[in-house]
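S.K.: The residues making up each chain are set out below.
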Amino acid sequence: MVSMSQTSVPRWAWDASAPAAEPDLRGRVFTLVVLPGAGDVADRWSTALAGRDVRRHECGDVDAAVAALRADLAVARVGHRVLVAGTARECLAVRAAGVRAGLGDDEMAFGVVDTAERAVWCVHCDATTHAAVELEAVVPCTGCGRRLLVYPHVSRLTGAHLGFMVDAETPADGSAARPADGSAARSEGEAA
Amino acid sequence: MNARIELVVATVDDAVPGIRSLALAHPDGDRLPSFTPGSHLVLDVPAGEGRPRRAANAYSLTGESSDPRHYTISVLRCAPAAEGGSACGGSAWVHGLTVGDRVTATPPRSAFAPIHLATRHLLVGAGIGITPLLSHLRSHVRWGRDAELVYLFRDGHGAHVDELKELGGDRVTFLADRAGLAEDLAVRLADQPLGTHLYTCGPAGFMDAVVDLATELGWPSSRVHLEPFGVAALDPGDPFTVGVAGQVLEVPSGTSLLEALEDAGHVVPNLCRQGVCGECRVDVAPGSSPVLHRDLFLDEETRGAGDCLMACVSRAVPAADGRAHLEVTL
Ligand code: FES
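Protein sequences, first through last, are from chains A and B. Counting along the first sequence from 1, when you hit position 102 you're at 101 in numbering that gives the first Met the number 0, and nothing is skipped either side. Counting along the second sequence from 1, when you hit position 63 you're at 62 in numbering that gives the first Met the number 0, and nothing is skipped either side.
In short, the hints are calculated from the structure, not lab data. Misleading hints may appear alongside valid ones.
What the hints assert, rightly or not - Footprint (simulated), chain B over chain A, 3 or more residues, beta carbon under 8 Å:
id	stretch
1	58-68
2	77-83
3	115-125
Claimed, not checked - Pair by pair, the computed Cβ-Cβ distance ranges are:
id	chain 1	residue 1	chain 2	residue 2	range
4	B	G253	A	R10	32 to 38 Å
5	A	D105	B	T301	44 to 50 Å
6	A	D60	B	G253	36 to 42 Å
7	A	D60	B	G286	50 to 56 Å
8	B	D27	A	D125	32 to 38 Å
9	A	A70	B	R177	38 to 44 Å
10	B	D27	A	S7	25 to 31 Å
11	A	R51	B	R30	53 to 59 Å
12	B	R177	A	D60	48 to 54 Å
13	B	G155	A	R99	56 to 62 Å
14	A	D105	B	A181	21 to 27 Å
15	B	R177	A	G103	26 to 32 Å
16	A	R10	B	R177	27 to 33 Å
Positions of the beta carbon are idealized from the N, C-alpha and C atoms, including for glycine.
Work out the full structure: start from the sequences and follow the hints.
M.R.: Here's what the structure looks like:
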């Protein structure tokens with residue numbers, strides 16, 4: 000087992016017991032992105048930020064959340080902080096939009112309500128599969144049908160986990176062993 | 000001994016009182032290796048003329064960074080001990096150099112590079128701290144990047160003022176006092192687009208003021224970059240113990256590992272005593288506490304390996320069990 004602290008998967012994206020982040024009160028302006036089912040976390044943030052300059056967006060899905068975030072960031076000044084409440088998959092996807100917009104890790108915080116579901120990017124066919132799957136477990140790719148091992152690596156630029164064929168070296172076997180040298184994992188390079 | 004290059008003094012410019020600008024050339028007149036803007040080189044300062052020991056001083060490169068003919072540095076003369084000051088005498092020695100003199104130095108090293116992902120660069124310097132920022136501005140102008148520079152200096156004592164004006168035009172703002180600076184920055188730092196990074200270099204008190212104001216206005220530390228060497232005193236650090244040759248020594252707060260080892264009679268090669276030259280590297284054995292690296296010499300990879308540190312500036316930090324202890328071999 001890979002030591003999780005050594006991976007690119009933030010703790011809040013795999014540890015369901017990780018507490019929601021506290022708002023960084025040194026910020027001047029705050030964007031709250033709230034996904035369905037995460038209102039309680041966001042309410043606590045709103046309370047902690049009472050009297051501050053807060054833009055709260057209730058968003059139906061990741062696309063809406065990313066659009067709301069982008070609109071805020073387009074005119075934002077340094078001093079802005081972003082808080083995202085939702086599932087781990089949603090938070091990772093919105094984080095990716097923040098990273099692409101130039102936000103640093105110390106400008107974003109997350110409150111995760113569920114860690115079961117992940118986005119898994121297939122290195123073979125480029126499709127992204129959404130599924131409730133553990134890290135280092137196996138999930139069929141919705142694009143090509145290959146059985147993908149969910150590698151504990153998340154792209155900062157897409158929010159998806161790296162998935163590659165579990166039986167790449169022993170076809171039709173099905174035992175969940177990844178290539179010993181991890182070469183497939185590295186082949187993505189730092190796409191993130 | 001770390002790799003050194005030999006350079007020859009090509010020109011000397013003493014136009015600004017107290018500040019000497021030197022152009023250093025390859026002895027054969029060849030081009031010199033390119034460097035990252037914000038890089039410094041560490042100049043060897045020989046012993047003698049009142050200097051009890053060899054030393055090494057870091058100076059930022061101010062000139063053209065790609066395929067340069069010269070490495071140019073600007074050096075503020077700080078009074079050495081012999082004149083009642085506290086400097087090691089390195090800058091006074093530089094002020095005594097003449098055209099044709101040979102010097103040795105480390106090749107340029109980068110510890111204050113522009114951030115590639117930044118969409119805008121805000122440079123804030125004071126006094127001789129302008130030197131690395133001049134090199135940043137030069138590269139930003141060359142590549143058409145969005146940049147702005149604020150320079151605080153005492154009237155008549157500004158370095159590179161005409162050069163900055165010519166290079167940056169209205170992107171450059173000159174200020175003459177701290178009150179003016181505070182007023183300017185309060186507005187400027189409150190209104191920077193999100194992709195901006197802030198770089199500051201100057202006296203410690205000045206940099207503290209810039210960082211405090213930025214923090215107050217919500218700047219996260221990932222967007223604020225300091226050029227630390229030679230200007231800021233390091234904090235005294237926490238005490239720790241060190242095991243060496245079967246002996247255990249105490250390293251109190253305010254004493255460096257290098258000093259503690261020397262006090263106990265060990266000989267540790269050293270030059271700069273400020274974490275820039277790389278001479279005082281000691282090996283750290285397994286079983287040691289984590290190391291707080293405060294030097295500008297070791298790269299991230301070497302630090303990650305965790306098997307050495309620069310004794311003049313770096314220290315042990317307590318491990319999970321609260322113990323701060325290093326086992327070193329000399
Ligand atoms: S003496 Fe120069 S790095 Fe320590």
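S.K.: Indicate, hint by hint, whether the structure satisfies it.
M.R.: Against the structure, the hints come out as follows:
1. With a cut-off of 8 Å between beta carbons, the stretch 58-68 of chain A has 0 residues touching chain B; three or more are needed, and the interface restraint is violated.
2. With a threshold of 8 Å between beta carbons, the proposed coverage of the stretch 77-83 of chain A by chain B holds, since 4 of its residues qualify and at least three are required.
3. Given as covered by chain B, the stretch 115-125 of chain A fails the check, having 0 residues with a CB less than 8 Å from a CB of that chain where 3 are the minimum.
4. Evaluation of the 32 to 38 Å hint for G253 of chain B and R10 of chain A yields a pass: the beta carbon distance comes to about 37 Å.
5. The hinted window of 44 to 50 Å between D105 of chain A and T301 of chain B is violated, with their beta carbons roughly 25 Å apart.
6. For the pair D60 of chain A and G253 of chain B, the supplied restraint of 36 to 42 Å is violated, since their beta-carbon distance comes to about 57 Å.
7. Between D60 of chain A and G286 of chain B the beta carbon distance is about 52 Å. The supplied range of 50 to 56 Å therefore holds.
8. Separation of D27 of chain B from D125 of chain A is about 53 Å and departs from the stated range, judged on CB atoms against 32 to 38 Å.
9. Judged by the Cβ atoms, the range 38 to 44 Å given for A70 of chain A and R177 of chain B holds: they are separated by roughly 39 Å.
10. Our hint of 25 to 31 Å for D27 of chain B and S7 of chain A is violated, since their Cβ atoms are close to 48 Å apart.
11. Remark: the range hint 53 to 59 Å for R51 of chain A to R30 of chain B is upheld by a beta-carbon distance near 55 Å.
12. Here the CB-CB span from R177 of chain B to D60 of chain A is close to 51 Å, well matched to the stated 48 to 54 Å.
13. In this structure the supplied range 56 to 62 Å is violated for G155 of chain B paired with R99 of chain A, their Cβ-Cβ distance being about 47 Å.
14. For the hinted restraint 21 to 27 Å between D105 of chain A and A181 of chain B, the CB-CB distance of approximately 25 Å keeps it satisfied.
15. At roughly 29 Å, the beta carbons of R177 of chain B and G103 of chain A sit within the given window of 26 to 32 Å.
16. Distance hint check: the CB atoms of R10 of chain A and R177 of chain B are about 43 Å apart, inconsistent with the given range 27 to 33 Å.
The structure shown violates the earlier hints numbered 1, 3, 5, 6, 8, 10, 13, 16.
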